[in-house]
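Each residue of the sequence shown is one higher than the last, beginning at 4 in this note's numbering.
In case anyone wonders, no lab produced these hints; they're calculated from the structure.
Predicted, not measured: the structure shown is a model, and the values here were computed from it.
Using N, Cα and C, we set each Cβ at its ideal position, and we do this for glycine too.
It is possible that part of the hints are untrue.
Label-pair distances were calculated between CB atoms; the ranges are [claimed, not checked]:
hint	residue 1	residue 2	range
1	Thr63	Pro94	38 to 48 Å
2	Pro94	Tyr68	31 to 41 Å
3	Asp5	Gly44	48 to 58 Å
4	Cys97	Thr121	12 to 22 Å
5	Val61	Arg89	33 to 43 Å
6	Tyr68	Glu15	17 to 27 Å
7	Arg48	Leu16	29 to 39 Å
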Amino acid sequence: MDAGKAEYVAKELEAYAHWFAAPDPSANGHFSALTLFAECGDVARIARDTTSAFLRGVVTGDVVYDTRLAVSELVGNVVNHAVPDRSRSRPGGCRRIDVIYKLYPKWFFIGVRDEDSTPPLLPMGDALCPELVGELTEAVLPDSGRGLMITQRMADAVWWTPEEGGGKTVWCRFDLDGYRPQ
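Build out the structure end to end from the sequences listed, making use of the hints.
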């Protein structure tokens, strides 16, 4: 393994170790969680505003806008696509959305948890030939899967974990090199 690849693997393992660890104030981390309900209005806006408030004074630059858009897309996916597992649903009940924030000196993790165990699907490749897309109206282009693709392009990593008892959490990681105030 060359030195560049070894350094990359070491960075990824260090980030994974911080994401996987239980919240520990002695690790110089800041943690918060927010519970929303999909049937309430403006849940994406509330998640965006909470993300901004959580990062205020701690992170600067474009990463704040990127994280706001990512959390909005992930929460929007729950609102539009998540169907609670039979064991987690209640007749007439609201669909629960938990937004988890983990901030460390080098990384910011966002997790969006829902009650649907179905894995998120990221589109594989283009649905249409690039030469044809320019001639087609937006109405015939795919309108599903864009949110995860946008999040994947902005974040440094995107993945999901199944939850015990049903449901899943979709995670994204933003590396904060150069985005911390001096």
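Each hint, compared with the structure:
Under the hint 38 to 48 Å, the C-beta atoms of threonine 63 and proline 94, about 47 Å apart, fit the expected range. Between proline 94 and tyrosine 68 the beta carbons are some 40 Å apart, a value that agrees with the proposed interval 31 to 41 Å. Separated by about 52 Å at the C-beta atoms, aspartate 5 and glycine 44 satisfy the suggested range of 48 to 58 Å. Restraint check, cysteine 97 to threonine 121: a C-beta distance of roughly 19 Å satisfies the suggested window 12 to 22 Å.
A hinted range of 33 to 43 Å for the beta carbons of valine 61 and arginine 89 is consistent with their spacing of about 41 Å. Look at tyrosine 68 against glutamate 15: about 24 Å separates their beta carbons, and that is inside 17 to 27 Å. Our hint of 29 to 39 Å for arginine 48 and leucine 16 holds, since their Cβ atoms are close to 36 Å apart.
The structure is consistent with each of the numbered hints, conforming to all of them.
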